[in-house]
Structures are given as C-alpha cells and as structure tokens.
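Given next are the chains, with one letter for each unit.
4 protein chains.
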Amino acid sequence: MLTGCKIAFLGGDARQIEVIQHCSDLDASIILYGYENLKNEFSGAIKKSITPDCFQDMDAIILPVTGMREDGKIDSCFTNKELKLTEEHFKKANKNVVVFTGIANEKLTGFCTENQRCLIELMNLDEVAILNSIPTAEGAILMAIQNTDFTLHGSNAVVLGLGRVGITLARTLQGVGANVFLGARKPEDLARAREMSLQGFHLDELPLIAEKADIIFNTVPATILDASVLVKIQPHALIIDLASKPGGTDFRYADKRGIKAMLAPGLPGIVAPKTAGKIIANSIARLLVEHKSKLGGEI
Amino acid sequence: MLTGCKIAFLGGDARQIEVIQHCSDLDASIILYGYENLKNEFSGAIKKSITPDCFQDMDAIILPVTGMREDGKIDSCFTNKELKLTEEHFKKANKNVVVFTGIANEKLTGFCTENQRCLIELMNLDEVAILNSIPTAEGAILMAIQNTDFTLHGSNAVVLGLGRVGITLARTLQGVGANVFLGARKPEDLARAREMSLQGFHLDELPLIAEKADIIFNTVPATILDASVLVKIQPHALIIDLASKPGGTDFRYADKRGIKAMLAPGLPGIVAPKTAGKIIANSIARLLVEHKSKLGGEI
Amino acid sequence: MLTGCKIAFLGGDARQIEVIQHCSDLDASIILYGYENLKNEFSGAIKKSITPDCFQDMDAIILPVTGMREDGKIDSCFTNKELKLTEEHFKKANKNVVVFTGIANEKLTGFCTENQRCLIELMNLDEVAILNSIPTAEGAILMAIQNTDFTLHGSNAVVLGLGRVGITLARTLQGVGANVFLGARKPEDLARAREMSLQGFHLDELPLIAEKADIIFNTVPATILDASVLVKIQPHALIIDLASKPGGTDFRYADKRGIKAMLAPGLPGIVAPKTAGKIIANSIARLLVEHKSKLGGEI
Amino acid sequence: MLTGCKIAFLGGDARQIEVIQHCSDLDASIILYGYENLKNEFSGAIKKSITPDCFQDMDAIILPVTGMREDGKIDSCFTNKELKLTEEHFKKANKNVVVFTGIANEKLTGFCTENQRCLIELMNLDEVAILNSIPTAEGAILMAIQNTDFTLHGSNAVVLGLGRVGITLARTLQGVGANVFLGARKPEDLARAREMSLQGFHLDELPLIAEKADIIFNTVPATILDASVLVKIQPHALIIDLASKPGGTDFRYADKRGIKAMLAPGLPGIVAPKTAGKIIANSIARLLVEHKSKLGGEI
Ligand SMILES: NC(=O)c1ccc[n+]([C@@H]2O[C@H](COP(=O)([O-])OP(=O)(O)OC[C@H]3O[C@@H](n4cnc5c(N)ncnc54)[C@H](OP(=O)(O)O)[C@@H]3O)[C@@H](O)[C@H]2O)c1
Ligand SMILES: NC(=O)c1ccc[n+]([C@@H]2O[C@H](COP(=O)([O-])OP(=O)(O)OC[C@H]3O[C@@H](n4cnc5c(N)ncnc54)[C@H](OP(=O)(O)O)[C@@H]3O)[C@@H](O)[C@H]2O)c1
Ligand SMILES: NC(=O)c1ccc[n+]([C@@H]2O[C@H](COP(=O)([O-])OP(=O)(O)OC[C@H]3O[C@@H](n4cnc5c(N)ncnc54)[C@H](OP(=O)(O)O)[C@@H]3O)[C@@H](O)[C@H]2O)c1
Ligand SMILES: NC(=O)c1ccc[n+]([C@@H]2O[C@H](COP(=O)([O-])OP(=O)(O)OC[C@H]3O[C@@H](n4cnc5c(N)ncnc54)[C@H](OP(=O)(O)O)[C@@H]3O)[C@@H](O)[C@H]2O)c1
Numbered sequence: 257m258l259t260g261c262k263i264a265f266l267g268g269d270a271r272q273i274e275v276i277q278h279c280s281d282l283d284a285s286i287i288l289y290g291y292e293n294l295k296n297e298f299s300g301a302i303k304k305s306i307t308p309d310c311f312q313d314m315d316a317i318i319l320p321v322t323g324m325r326e327d328g329k330i331d332s333c334f335t336n337k338e339l340k341l342t343e344e345h346f347k348k349a350n351k352n353v354v355v356f357t358g359i360a361n362e363k364l365t366g367f368c369t370e371n372q373r374c375l376i377e378l379m380n381l382d383e384v385a386i387l388n389s390i391p392t393a394e395g396a397i398l399m400a401i402q403n404t405d406f407t408l409h410g411s412n413a414v415v416l417g418l419g420r421v422g423i424t425l426a427r428t429l430q431g432v433g434a435n436v437f438l439g440a441r442k443p444e445d446l447a448r449a450r451e452m453s454l455q456g457f458h459l460d461e462l463p464l465i466a467e468k469a470d471i472i473f474n475t476v477p478a479t480i481l482d483a484s485v486l487v488k489i490q491p492h493a494l495i496i497d498l499a500s501k502p503g504g505t506d507f508r509y510a511d512k513r514g515i516k517a518m519l520a521p522g523l524p525g526i527v528a529p530k531t532a533g534k535i536i537a538n539s540i541a542r543l544l545v546e547h548k549s550k551l552g553g554e555i
Numbered sequence: 257m258l259t260g261c262k263i264a265f266l267g268g269d270a271r272q273i274e275v276i277q278h279c280s281d282l283d284a285s286i287i288l289y290g291y292e293n294l295k296n297e298f299s300g301a302i303k304k305s306i307t308p309d310c311f312q313d314m315d316a317i318i319l320p321v322t323g324m325r326e327d328g329k330i331d332s333c334f335t336n337k338e339l340k341l342t343e344e345h346f347k348k349a350n351k352n353v354v355v356f357t358g359i360a361n362e363k364l365t366g367f368c369t370e371n372q373r374c375l376i377e378l379m380n381l382d383e384v385a386i387l388n389s390i391p392t393a394e395g396a397i398l399m400a401i402q403n404t405d406f407t408l409h410g411s412n413a414v415v416l417g418l419g420r421v422g423i424t425l426a427r428t429l430q431g432v433g434a435n436v437f438l439g440a441r442k443p444e445d446l447a448r449a450r451e452m453s454l455q456g457f458h459l460d461e462l463p464l465i466a467e468k469a470d471i472i473f474n475t476v477p478a479t480i481l482d483a484s485v486l487v488k489i490q491p492h493a494l495i496i497d498l499a500s501k502p503g504g505t506d507f508r509y510a511d512k513r514g515i516k517a518m519l520a521p522g523l524p525g526i527v528a529p530k531t532a533g534k535i536i537a538n539s540i541a542r543l544l545v546e547h548k549s550k551l552g553g554e555i
Numbered sequence: 257m258l259t260g261c262k263i264a265f266l267g268g269d270a271r272q273i274e275v276i277q278h279c280s281d282l283d284a285s286i287i288l289y290g291y292e293n294l295k296n297e298f299s300g301a302i303k304k305s306i307t308p309d310c311f312q313d314m315d316a317i318i319l320p321v322t323g324m325r326e327d328g329k330i331d332s333c334f335t336n337k338e339l340k341l342t343e344e345h346f347k348k349a350n351k352n353v354v355v356f357t358g359i360a361n362e363k364l365t366g367f368c369t370e371n372q373r374c375l376i377e378l379m380n381l382d383e384v385a386i387l388n389s390i391p392t393a394e395g396a397i398l399m400a401i402q403n404t405d406f407t408l409h410g411s412n413a414v415v416l417g418l419g420r421v422g423i424t425l426a427r428t429l430q431g432v433g434a435n436v437f438l439g440a441r442k443p444e445d446l447a448r449a450r451e452m453s454l455q456g457f458h459l460d461e462l463p464l465i466a467e468k469a470d471i472i473f474n475t476v477p478a479t480i481l482d483a484s485v486l487v488k489i490q491p492h493a494l495i496i497d498l499a500s501k502p503g504g505t506d507f508r509y510a511d512k513r514g515i516k517a518m519l520a521p522g523l524p525g526i527v528a529p530k531t532a533g534k535i536i537a538n539s540i541a542r543l544l545v546e547h548k549s550k551l552g553g554e555i
Numbered sequence: 257m258l259t260g261c262k263i264a265f266l267g268g269d270a271r272q273i274e275v276i277q278h279c280s281d282l283d284a285s286i287i288l289y290g291y292e293n294l295k296n297e298f299s300g301a302i303k304k305s306i307t308p309d310c311f312q313d314m315d316a317i318i319l320p321v322t323g324m325r326e327d328g329k330i331d332s333c334f335t336n337k338e339l340k341l342t343e344e345h346f347k348k349a350n351k352n353v354v355v356f357t358g359i360a361n362e363k364l365t366g367f368c369t370e371n372q373r374c375l376i377e378l379m380n381l382d383e384v385a386i387l388n389s390i391p392t393a394e395g396a397i398l399m400a401i402q403n404t405d406f407t408l409h410g411s412n413a414v415v416l417g418l419g420r421v422g423i424t425l426a427r428t429l430q431g432v433g434a435n436v437f438l439g440a441r442k443p444e445d446l447a448r449a450r451e452m453s454l455q456g457f458h459l460d461e462l463p464l465i466a467e468k469a470d471i472i473f474n475t476v477p478a479t480i481l482d483a484s485v486l487v488k489i490q491p492h493a494l495i496i497d498l499a500s501k502p503g504g505t506d507f508r509y510a511d512k513r514g515i516k517a518m519l520a521p522g523l524p525g526i527v528a529p530k531t532a533g534k535i536i537a538n539s540i541a542r543l544l545v546e547h548k549s550k551l552g553g554e555i
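The listed protein sequences correspond, in order, to chains Z, B, W and C.
The numbers in the first sequence follow the numbering used here, run straight up by one, and end at 555.
The numbers in the second sequence follow the numbering used here, run straight up by one, and end at 555.
The numbers in the third sequence follow the numbering used here, run straight up by one, and end at 555.
The numbers in the fourth sequence follow the numbering used here, run straight up by one, and end at 555.
Just chain Z, same shape as in the assembly (with noise of 0.2 Å):
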C-alpha cells in the first residue's frame, strides 16, 4: 500500500489516468497538476495548479511519458492552461522526493543531479521496456496487416534486432505464422533465434535476406536499412521502422525507389494506452514501495 504517500501528477495522457487510479487504489494522497478537464473522480486525488514550492512535501513526482520539454513545458491532454516547471520547483522540492518520467532531455536530468533529486526514466527500466515491447508488437502487427494486401501467416517477415522489442516482436510473427528472419550480430543472439526456431542471420548478410523480404521490422536504433540494402528489396515490401527518432532507415532514399516505409514511434500509448498505462503505473508502485522501506517506511 501508499497509504500517507503524497504524490503530484503533472500532465499527461490517457495511460496516466491509469497510474493516478493505480495510486489511488494503492491509498496513495494524490495532487493532479493540470488535470482541470479530467471529468473522472478519484478517491484521495484533488486538483490544484502550481506554486513555486507546491513540491516541498511530496514524496514523489510523476511526469508524462514524455517527460519534460527543453523549455520546461509539460504536455497535458487534460488541460488547456500552460503547464511549466522551472528550476525552481525542484530546488524547493522535498529532498526525498522521487521523480518518474518516461523519458529524460538533458533539462531535466540537469535540474535534477544539480539540485541531488532522486530521478527515474521509466522506459530504461528493463521490466518497463520489456512490457512495453507487448503493445509496441501489437501495434507493428496492426500497420503491417494493414498496409499489406497479403496475410502475414507464411510471409517473409524480417526482424533487426534481437533486443527487448525484437524477441517480443519475432515472437508473436511467430504466433500467427508468419515465416520469421531475425537479424543480429552476437552469436549469443543468433544461438537463441536459433533456440527459439527463428531463422537467424548475421546483419552483415542483411542485403541478401532483404532480397526474399515481405515485410521488414526494424528495432536497431542505427541505419541498417541503407541504400545498399533498399536497392535489394522487392517492389511489394514493406519497411516498418519500429526504433525511437529519427529510426534505422534511409527514408529519402526508400521514398525515391518508391518503397513503402514507415516510422511508427509511440505504438504503446496509441494502440493499448490502458495496458501501456497499467505496466507504468505497477513499476511506480512497486519502486515507490522500495523507496519508502529504504527510507525507514519514513515517507
């Protein structure tokens, strides 16, 4: 439980509501930040707009996935006032204070080691980005059964990269059939696309296995799809570029061979922002918990 657990939510989208009523299941006392449209109600949560010293007895602050823009703007979908934070905030922040983001700019990872406040990148978090890797697979599968006039059971379906989102991915190509190519270069990797009967192949041979391609998923955060690999794709094949900005693709070049490619960033909060907000919300709770054991169950 987060029983006499006080905790700000700033901003956000659809998966925070689930965190808020997670916390709030949890008995946590709850201070939504830019929350003036949310029409839901939840028990121990009030609304309040920000003060210079609003944080000063919090024992944890909960931004959007998004984090923080470089101008300290927050994102807000529940509000049409500015949400802004300021250095200030943090200095005047309860020292103890812990703060979870989804992911960091270099502002925000400054405001906080300068001013020695706890911070937390979720999506670094090995549990988060291997959960994560459920929804972002779905909704691969969702843009490749749609942008495709045949089945992808018994297609050629190529995976790069056998990493958190790679093994989830190969694996539900998998499940419904589809004849599965992962490319990697450790051989540990390619020892366990082997074990987990994928056809495994050094990303060194990309440009030959590109050539029997129904459909290529990449998740190596790295231009492996350059031209020396496009020029060797089939006419029908289609590229989804699953890695975070600006992906491993050489798009100019797929545009100009008229290859149908696409950059498919922030699939979780999209195709299942409940589950997406469920794993965030479990994570905090259960780092919250830690923390406060830590502290001498002193939050």
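Because the hints were derived from the structure by calculation, they are not lab data.
Treat each hint with caution, since some may be false.
Given that identical chains are not distinguished, each listed pair holds provided it fits within a single copy or across any two copies.
Stated by the list, open to error - Simulated crosslink set (DSBU-like; lysine-lysine; CA at most 35 Å straight-line):
#, residue 1, residue 2
1, K340, K304
2, K295, K488
3, K303, K468
4, K329, K550
5, K516, K337
Start from chain Z and add chains B, W and C with the ligands according to the hints.
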C-alpha cells in the same frame, strides 16, 4: 498445366486478378468479360463483351466470389458497364463446362442444375474454407487491436465455435499471447480444445464465461450471443461477429446496452485480397486439371 | 453424480484404478471382479467373484481397455485367478446394462448384439481418441529422444497422417522445435497443415520427403512405409510406427536394410496410465449420466 | 576454412568425434592423442602419443568437455592408455596456441595463465550455453515423461530460474502443453516471463507455488529447494534438478520425506551427443578463424 483450356472470367474484384494471373501462368486461353478498365496485361488473355452463345466452347466459367445476383447481374470492379447473365447463357454453354463461383444463390444453382452444368461453390470446399480462415483470423485480430485500448496479449479472448474459422482464430489469438477460451458443444471439440491448450467450455456455460471476457469472437452461424448472454458482458468488452449475415449476435440489444458489437463479413477480400485470390486460384487450377483428366484429357 | 448407479468392473490395469476412483467419487455402487490383489480401498466398492447371473442388476459393466479375448478371458493385473466371460453372462445381464470396453473383437461384439446389450467401444469415441492422442504423442517424443543421438529441436521430423493422433503429434513436435513435415492425401488436410505452419506434402511425394527425414512417425493404418520409401531413407533415420498392429511399415525390409524401425503400440497405458485412466473415467461418467437421463433417471 | 591450422585433440567422448569431423571438413591438420581405439577415419588426421614438446607448433589444443583432472589426467572413451598433461606441456607449447576446454578447474587455469596461454572455457560462452540448453531441455523432458504416470501436457510444471537453460526449458515445456510456472527474482525476468505467457512468480513465493506443482525443474545453482519448500510439495510431485553439482535441492531431506528428486547433470552429452558435439565444433571453428585473422592470418 492448363494448356488448351478455355476459361471465361466474369467480373470480380482484386482477388480475381490473382486467379487470372495463375491461369495465364498455367498457359490457359482466357477471355475476360467485364474488365474494360483493367490496366494489367496477361499473356493469353483477351477482353470481350457478352453474347448469348459466348460460353459455347468454354471449359470453365469463373464468377466472382460473390457469385450472381438474383436478377442475373454480376459485380465487377473493373468496368462501368452492366454485366448480366440469363438462363440462355447456361443453356448454350459447352455441356462439359465447369462453373466456378464463391457462393451461389438459388437462381444460379437453378440455372446450373436445370441445364446439367457442373457448378462448384468454392467457399463450400473445405480446403478453401480452411485457407480462407487465415486472412479471416488476421482481419479479426486487426479489428480487435483497433477497437480496444488494451493488448490482446494477456486479455481474456473468447472464441465461439471450433469449426474451420474457429480453430484458426483460436490458434492465432494464442500466438499473440491472449488467454483463449473456446466454446463448443461437441465432446470431441472440447477434447480438441483441451489438446490445443485452450480453455474449452460447453456453450451452455457461455453466460458464465461472458462475465470475464474482454473480447468475444463469434464464428457460430446461429444467435448465441442473445440477451441472456449480453446482459452478463462487461462494459469494456468488444464483440466481433464473424458468422455470415446476420451473424450470431442480437445487435439490437447490444446497441441498447451500449455494448460495442461489430459484424465483420468478407474479411479475406478486404484484409488480404492477394492471398485470398491465390487460395482461389490454386483450388480452381487443381480442380480443372482433375476435371480435364476425368474427361480423358478431352478439355 | 452416479448415486444409485451399480457398476461392475472386470479386470484391467493401472488405468482402471482411476476409473474406479472417479466412479467412487461420484457415489456409484461398485463391484470389483478380478481385483483380489488390489491394495487400495475405495468407498462404496466391494470385491466379488463372478457368477452366471452376477450382472443381473448392474447398470454398467466396465471391461479393460484391451477388452475380452476370443476365448472369453479378461486380463487383469490385480489377480492371479482366471477371469472368464461366457455368452450367458450377457444374456442374464440387466437389459438396460451398458457394456464399456476399450476395443471389441468380434466375439464380444457378437455377445452384445445377439443379446441386445448396449456396447460402447471407448477407443472409437472421438473425444477419447483425441485426448488419448496426448499421451501417445508424449510417448512418441520419449522414444524419439531415447533412440537418437541428436535433438528433436531442429531435426526434420516427418508425421504421416493428419488424423486424431497425427494432428496432436505434429503440434507437439513443433512445440519442441522440430522442423515438421506432414504427409496427408486430402486437400483439406494439406490446407490445415499449412494453416498450422507445418510443411505439408501429399503422400505421393513421400519417397522424396523421406530422403531428408531424420525421424518418421507413422499414424496411418496402411503400409505406406514400404520398400519404395525405405530405400530412400538416410542410415541415421529412425522410424516410430504408431499405427495399430501390424503398423504401416515393412519391418522385414527395414530390418534387412539396417533401418531402425519400431512399432510402438499402447503408449498411453505405458507412458501415462494415470492420465489415460482419467480420460476413460470422464467419458464413462459422462455417458452413464446421459444414459441415466435417457432412461428417465431409471438407473 | 582452417587450411594450414594445426589442431591437437586430447581425449574426449562421442561429442569430440563431431568436432574432429568438422575441423577435418574445414581442412585443418589434425593430431589425435588418446584415440587408439577409434575406428573412424578422418582425412587429414593422424594418431600420435604424447611427448613433452608435442604442442610446439600447434595452433590449438582441444580438451574434452570435462577438461583436465586435478592430477593432469584427461578422460578418453577411445583409449585404454593413460593420458596425462603436466605444466611442461603448456610451457613448451606454441606461444599463440589456443587451449579449448569445456570447463576448467584451477589446475588447468593455472597452467595456462602462468604460461600466458590463451584458454577458452566453451561452456562459459553464452552462445554455447544457449545452444546446449536445447539438448538439456530435451533431456529434462525425457526424464519427466519417464518418471511420472501423468502427461506433461496439462500438468503444473514449475521452472526455477530464467537464465540460459530456464528460458529454453520453459518454452519447451510450454510447447508440449504444460502449464508452466516460472520462478525468478529480477523484475525484468518476471516481465519477460509474462511476455512469454508463462505464469511468473517471485522466488519468495516458491513455498506457495510448490503446493500445486506436479513437476519442479530447477536451474538455479543455489539451494532454493530447501526443507521449507520441500515440506509443501505433493507426494506425487517430481523434482528434476539441472543445476550443476550439488544442485539446488536438499536431497537428504527430500529422501527423508519420500519425495522423488533427481540430480541430472551432463544431459547434452547423454541425450544428444551428436548435436552437442556440433555445437562445440561450430564455436571452436568460428573462434579459430577469428583468432587466425587477429594474428594476421599467421596461423
Ligand atoms: N516504436 C515504438 O513504439 C517503440 C516502443 C519501444 C521501443 N522503441 C524503440 O525501439 C528500439 C529498440 O528498443 P529495445 O528496447 O528493443 O532496445 P534494446 O533492448 O537495446 O535492443 C536494441 C537492439 O539493437 C541492436 N543494436 C543496437 N545498435 C546496433 C548497431 N549499431 N548495429 C547492430 N545492432 C545494433 C542491439 O544489439 P547489440 O546487443 O548487438 O548491440 C539490440 O539487440 C529503441 O530505439 C527504442 O527506443 C520503439
Ligand atoms: N467474416 C468473414 O470474413 C468470414 C470468413 C469465413 C467464414 N465466415 C463465416 O464464419 C462462419 C463459420 O465458418 P466456418 O468455415 O468456420 O464454418 P464451420 O466449419 O461449419 O464451423 C461452424 C461452427 O459453428 C458451430 N455451430 C453451428 N451451428 C451451431 C449451433 N446452432 N449451436 C452451436 N454451434 C453451432 C459448429 O459446431 P457443430 O459441429 O457443433 O455444429 C462449428 O464448429 C460461417 O458463417 C461463415 O460463413 C466469415
Ligand atoms: N501407438 C499408440 O499408442 C496409439 C494410440 C492411439 C492410436 N493409435 C493408432 O494410431 C492410428 C491412428 O489413429 P487416429 O486416432 O489418428 O486415427 P484417425 O483419426 O482415423 O487418423 C488416421 C489417419 O490415417 C489416414 N489414412 C488412413 N488410411 C489411409 C491410407 N490408406 N492412405 C493414406 N492415409 C490413410 C487418414 O487420412 P484420410 O482421412 O485421408 O483417410 C487419417 O488422417 C490407428 O491405427 C490407431 O489405432 C496408436
Ligand atoms: N544438467 C545439465 O545437463 C546442465 C546443462 C547446462 C547447464 N547446467 C547447469 O544449469 C545451471 C543453469 O545454467 P544456465 O546456463 O541457465 O545459467 P544462467 O544463465 O547463469 O542462469 C542461472 C539462473 O539462476 C538464477 N540464480 C543464480 N543464483 C541465484 C540465487 N542465489 N537465487 C535465485 N536465483 C539465482 C539466475 O538469476 P539472477 O540473474 O537473478 O541471478 C539465473 O536466472 C548451471 O548450474 C549450469 O551449470 C546443467
């Protein structure tokens, strides 16, 4: 090969292109009726207009998946002209002609039986129905991902019916990590469900199972999702009804209770026309070759 | 429940213990013939010796899976005494009695039809055959692992027949990562094989496929692994023949060529007697309850 | 290719035959020590007896999977003669030699480090451990089927540890239809278990989960199946302990309570020596080629 085999195509949609291509690859002589606007060129194919005795020396007549309307009209995506058949066309056709259609209404069946013309309803063939179940399942998956805010993975997905579509759909849902419940009424179907590691239940238990369902997929062509079941369903649950019109759901009552229920006919042609076309093409080719050898290669 | 239902058990093996236990749990009145050495105690069960009119007021007679021998003898693991039936036993039995057996030879069938006694061959019931295919498949897997020096994972495993056993075995082999080839002769079976992501082939192609096989599992009760196929098989290949005696392999020729070929009958009772017993127990109980309600609860 | 590469093999079992064959296929020059009784002929291989300076111009020395004993003895299935190494052999060896062994004790490690000889422990390489997990899992499946009277399918199978063996074993058990529970302690492992549709639980919950287990497979090299867990286990449950000696089970207590618990070391070499040999062969070949190119092709 289909060398020397004369085939008439009448109307159709994107799927028919695959059939024409396949017959052309097998060296058949092809005449296209209702394809005025088609851009593609096929070797061995010519475009003509219908005349009363145009099927006089045809070995096969290939109608669209949708067959013929009650008034004799044939749908075609590739022409603006009307395409219409009368009994005379069948009477004057080659006596050994094989008429292929996806589905047949009474009118078409009548024309053929009265004139002793061999009629094959492709969608009734087990092999076609089984292979068609694959794009059907992918279409159902697509709709489920699009119309929910949670992942299929980990959700309670109920499949009704363990026929040709049900078995494929259940396996596909399992492949994406759903928690699959399978409703059937025959002991052997429940046995097979158990062997497939599905959670089988007798359809009599449907009201009970409905309570925990996140998504219900129906393949039973009988109203089994009636008020007594719908009243048990959770507000967030989604119903995707795959059974042919009018489906197996009391849509009026579902609407009244605010339950999201969707009738989803014709998925293969929508979701994967190329694959669906190839399935038909392969079966037609196989049946024509068999027919030819039965006639002592007389075709 | 089976309250008030009188059941006679005659002989059997470890599987029968599960059936007795289940009937006892359902409150049946049980008489055991040929169980002198059985240690277990079951509530509601008593041991007796056979007399000519001992089935006079029985509702059910349960024979072993192996049924009755031509000379009327019944096998039992739980006695040293002879256990023998004559036509008289059936003639004097309750006219509404149901006789359950695993399999029936002509003699037993004759006794029942001539005296109008209802005979149920459990192994012929689809539900039993399907569930029994599970321990059969596990037994086949066991034999394959024991008799090869390579892993099933990654091996070319050929399954012949897509019947009740074949479908389960193919799925299980796929589950352990084998490269599964499925031979069948019906277009709809080849369609289903493709849907299951098996590499389907027409049995006419068997000689070709046999060349690359590491292990061949046969479920077809006809000699399809004849000399013309065996001559193609690799020296290290293993044949596991699951079809009932005499199997589908020309064992004489296999032996001559030094090919390891094994006939493997009766796997469920050997590999998983407890599971196999429960399968039978559930079906018998269900059928007795149905029978009872048909007789107007007269049982 | 390994043309020009001089390789010394010392002792070993059936697995080594695959390694010799592979090196021979790659055109290496091979010297066999301790292979007096071996019947097979390999092109490019000759048999010799050990001399103090016999490794003087060797590029690689390949020891058995079991490595070297504390007294310098090397096990071999292919000779009755003693095969023994001393520090001198390493001192006089080619300075660029690579010594391959499955596992290394302190003595062997000492010989190599003191003389600056490159030592590679194959079983420590992720790629080898991952591929070896496949025959390990099949061996575990074999033992489970042999030592139970129920099917794995539908049973509650608990896997402890989601490391290289655990992940493979869990997937294989799932493939045969077991109801798999996966115990781990890291949040990311529990996340991955959930993604794999396993029923993940924290190892702290083991006593609770143990109550419903039919079979427990341990891969954790620490005593986690202690009295506090064993006391909860059902009488029919089976424990298969795969962790290296002494395993993770309190075998003394298990024995006292009459629980069937088996320590199962060295499964790959027992269950699938050919596959296990090929895994080693491929890794050695890859590493030798890399080593060669690092030395500027000097080998
Ligand atoms: N589209 C979405 O909705 C969505 C959702 C989640 C994540 N993502 C993005 O997807 C990407 C993958 O995420 P993840 O969690 O799977 O990351 P991850 O676990 O770090 O996996 C990345 C994979 O890429 C490989 N890789 C990295 N650099 C490489 C290079 N230069 N050449 C070859 N391989 C390379 C890595 O292999 P090595 O071990 O060999 O380096 C690893 O297997 C990230 O960009 C992430 O931001 C997108
Ligand atoms: N939406 C699409 O794109 C699409 C594509 C293909 C097919 N379909 C339609 O989907 C439906 C199923 O097709 P299919 O090929 O799977 O047919 P199928 O193989 O005949 O299966 C139908 C299943 O429904 C069960 N069933 C029929 N009547 C029932 C009743 N009164 N009560 C309970 N169960 C009943 C059958 O079980 P029993 O054996 O117990 O009767 C059988 O398992 C059809 O209506 C078909 O036209 C739609
Ligand atoms: N070893 C054991 O422990 C064990 C356990 C259970 C069953 N069995 C035995 O295993 C065999 C299969 O059992 P099952 O329950 O799977 O039977 P099943 O459902 O009838 O399947 C038999 C399969 O064999 C095919 N077949 C039959 N005759 C054929 C022929 N002449 N040529 C080509 N294919 C043919 C059938 O295909 P079509 O539809 O094309 O005819 C069908 O797919 C039986 O002999 C049974 O007694 C053994
Ligand atoms: N029987 C055979 O034939 C055979 C074959 C291959 C391997 N093995 C043996 O099997 C064992 C596992 O091998 P592996 O390759 O899977 O190793 P691995 O990849 O290191 O996995 C070991 C697992 O055990 C967990 N673990 C270690 N210490 C723990 C502790 N004190 N409490 C809880 N969890 C703990 C680890 O989790 P954390 O990450 O949380 O530490 C990890 O998931 C080894 O002993 C190996 O020698 C046996």
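Check your understanding: Which hint numbers doesn't this structure obey?
Key -> none
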